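Asks: Take a look at the letters that make up each chain.
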Amino acid sequence: MATFIIRRLIASFFVLLAATYIMYVLTALAGDPLEDLRTSTAPNALQLIEARTQLLNLDVPPYLRYFIWLAGVAGCFVGNCDFGVNVQGQDVTIQLTQALGQTLQLVTTASLLAIIVGLAIGITTALRQYSGYDYTVTFFSFLFFSLPIFWVAVLLKQFIAIGFNDFLRDPEIPPVVIAAFSVIAALLWSSILGGNTRKRIIVAVVAGASTAVTLAYFNLADWLSDPSLGIVAVGLTAIGIAFGITAISTGLRNRRALYGSLAVAVLAIVLYYPLKFYVFPLMSLGLFLGMLVLTVALTGAVGFVIARRDRWQAFRTTALVGLLVILVMSLDQYMSFWEAYSDSSRIRGRPVATVGAFTPNLGGNFWIQGIDSFTHLLLPTIALILVSLASYTRYSRATMLEVLNQDFIRTARAKGLTERTVIVRHAFRNALIPIATIVAFDIGALVGGAVITERVFGWTGMGQLFVKGLEATDPNPVMAFFVVTGTLAVLFNLVADLVYAALDPRIRVNA
Amino acid sequence: MTMSQQPETSEPTPTVTDAENNAQLKEIAGLSQGQIVRRRFFRHKGAVASMAVLTFVVILAFTSVGLSIGDWRVPGWWQWNWSQLAPVQNRTVPSMTLVPQFLGGPGINIGDHPFGQDEVGRDTFAVVMRGAQQSLMVMVIVGLVATTIGTVLGAVAGYYRGLTDSILMRFTDVIITIPVIVIGAVLGRAFGNFGAGVLGVVIGLFAWTGLARLVRGEFLSLREREFVDAARVAGASDTRIIFRHILPNAVGVIIVNTTLLMAAAILLETALSYLGFGVQSPDTSLGKIISDNQAAFSTRPWLFWWPGLFIVIIALCINFIGDGLRDAFDPRQKRLPGARALAKSAGLDRAAIVVTTRAQSRGDTAVPEPDKPDTPPTRDR
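Chains as they are written, first to last, in the working numbering: chain L, 1 to 511; chain Y, 1 to 381.
Pulled out of the complex, with its shape left as it was, chain L reads as follows (with noise of 0.2 Å):
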């Protein structure tokens, strides 16, 4: 094992090396670095092409330059890091972090969410496969992998930016749209549950319904402009919780986990006063992380005790439990900020933003920053799942069909499991096998990211550093962005090795 990956690490090495000097050669002819001077008018004409010549060493041809810069970024191997400046003089270094900041800020929730959604529609498609559900999804998913993303970027800038905010000055859903949500739920969810005639109707009318019912209360207490959750809303999404997520993690017949669960539930509606007066007026980044990793430590515990067989089994659900309901009561606390953060000076009754990654000057505190964030990465991350959204469902789609085809499922089943024991524990473990290989390249392919989505919403990223390098013809931002994205991804492509070699005993590593 050890041979086999310092085998892999030093092929890469070399891999990445070949390849730098590929780009850097290519980059530098790709144009003149000198173009805007000499056609200026300026009287230090000359002496500015001299400087910039001695500042970038450009009287060295690209082929021998490399190994400056090669000489430079080889530092960060004892901790000095140097890529080089910029046309004008600056650092690469220094935004190079910046922009990897602010493109891991773009890219995570988007990824994260794609991923999610992507595997929870392709595996839903795969279980009800050849229904109308699965050929609308199927049509929707090439639909979204054929959009060119910057034409989905400037639609979604004029219609939800522009619209939604004309929308929001005065938020009143119309009849005909309360009733097209409601008749897509009720058709949505039959046709994802299944079932009989008889199941599907009353799912139907029941999701039909209760969407209208949702829809028209938004309306009558003016929700959208001061939208909240409230104690009794808090209470019922946590009960739903505790009873979906054990549905599907342990199934409801093993009571000892529901009651743990159900347990979380009512713990959350006992705190939710003390949280919301004595602990979130306090919150910073560090608190709310640490307030999550006690959430799931605490509620895990909660299951570990209540469950006497298979304790951690319960665990797992209940920890499951006690993060959602945590994250639903900090979605109720950031509402109770949402009216003040929409009619502050600075954005004026115009929340969703369609340009840059935070509004400057705006102060306010941890919950006000992170509706910002939430209103800043709202079209760039519709953007991107979409378009990402159709390679994770026809894939998890696949390879969930492929499972549900072998022997041991139809065993499964001839034994008389219960279809969800079938579903969850031998069907959709081993889905995830192949579907967490995917997921590590990707996550290797995050950092490099969305050029495109960056430019068309003015994010200052990685993908930003990119484009305005090579459009000065400048290599060093350039190779700044290509080192730091081609040591991920070559770095997780091993990772996706190891990871599938780890999770199939089929496959052997053999040094």
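These are calculated hints, taken from the structure and not from any lab test. Predicted model, so just to flag it, every value in this text is computed and none were measured. Note that beta-carbon positions come from the ideal geometry of N, C-alpha and C, so glycine has one too. Hints should not be assumed to be uniformly reliable.
Here are some, though not all, of the chain Y residues that point toward chain L, as calculated from beta-carbon distances under 10 Å [as the list claims (entries may be wrong)]:
{"no.": "1", "residue": "Val93"}
{"no.": "2", "residue": "Ile178"}
{"no.": "3", "residue": "Val182"}
Okay, the calculated bits of chain Y under chain L, using three or more residues with CB under 8 Å as the criterion [unchecked claim]:
{"no.": "4", "segment": "51 to 61"}
{"no.": "5", "segment": "152 to 162"}
{"no.": "6", "segment": "265 to 276"}
{"no.": "7", "segment": "305 to 315"}
Anything over 12 Å on all C-beta distances counts as not near chain Y; from chain L, calculated [said to hold, decoys possible]:
{"no.": "8", "residue": "Thr3"}
{"no.": "9", "residue": "Phe67"}
{"no.": "10", "residue": "Ile162"}
{"no.": "11", "residue": "Val177"}
{"no.": "12", "residue": "Tyr217"}
{"no.": "13", "residue": "Ser225"}
{"no.": "14", "residue": "Tyr259"}
{"no.": "15", "residue": "Val279"}
{"no.": "16", "residue": "Ser388"}
{"no.": "17", "residue": "Arg420"}
{"no.": "18", "residue": "Ala489"}
Since chain L is already given, all that's left is putting chain Y on it; use the hints.
Replies: Showing chain Y alone in chain L's frame:
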């Protein structure tokens, strides 16, 4: 009805597998490989419809405004040209109306400028058609170049194995490390001025990596088969074995992936042109039209809608065709005949068939090869 309920003394009834295989064999009896593939492809309604739409778009794009390659010009049947400045009519609003008169609309009418005009009077239809020509051309050239390189390198690496394989695959690793959009942007900046054809060639020079790996995999497994041994024993040369014996068997993988590659290529070209690293003025492409006009969305949205619509139509059609081809070439994809057809062909009663087809459909796939799965196609973001 299950098998355990069968009286043990009776004649052994044909199992489901037999019934289904019979139906399937009967269906394809006497057909060549190509005929089988064609039949399966034409069964995929989405793919056939896409084929028709794509053909229409291609013909429309290339005949309407004619061709212009270098100094060689062929005029089209459309009255305007993509660079011609026409007098502005009706404040550049599109003249096409589609609501018929009996519905209270102005009737189906094309008018002088069906897609409208831009602010200096250029006809949007002509510009979009020229853009579609360029984007289609880049797409096809990328497909041809990348497929040729990928197939040859993959075939040589997979057939000769050993040192050749190692060198070629390390080379592939180097190229695959550089994301296509990154290398495309760098090359587009260097070669965008030379026109769409050159842009297509240089992108194609770096887009072959995925295909090379797949072809290599196919060759590695096909070269161990008996028919290759037979050819070698009969004295066939390496070239002959590669091109006459192995390649025809790998053609499914190649065609399917070329299609998907071309769908990715048109999105890549439009994205590069949008970023300013693709086709350059005075020529145009679908991505460049959108890039030039995105600020005018609120005043002249048609300059934005039409090129985008054409990108989506072309990419969607090609993706559907690729899906149809995959179904047609994939031998594991058994399309189960309906229970009635099955019963008719095997002379069994329907209840038995239903039970058995379900069992069959769950159990007939072979155990998957225990190696890393193909990565799903990724998108430029």
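Asks: If a hint holds in the structure, say so; if it doesn't, say that too.
Replies: Against the structure, the hints come out as follows:
no., hint, result
1, Val93, "violated (18 Å)"
2, Ile178, "holds (6 Å)"
3, Val182, "holds (7 Å)"
4, 51 to 61, "violated (count 0)"
5, 152 to 162, "violated (count 0)"
6, 265 to 276, "holds (count 6)"
7, 305 to 315, "holds (count 4)"
8, Thr3, "holds (18 Å)"
9, Phe67, "holds (18 Å)"
10, Ile162, "violated (8 Å)"
11, Val177, "holds (23 Å)"
12, Tyr217, "holds (34 Å)"
13, Ser225, "holds (26 Å)"
14, Tyr259, "holds (36 Å)"
15, Val279, "holds (38 Å)"
16, Ser388, "violated (6 Å)"
17, Arg420, "holds (18 Å)"
18, Ala489, "violated (6 Å)"
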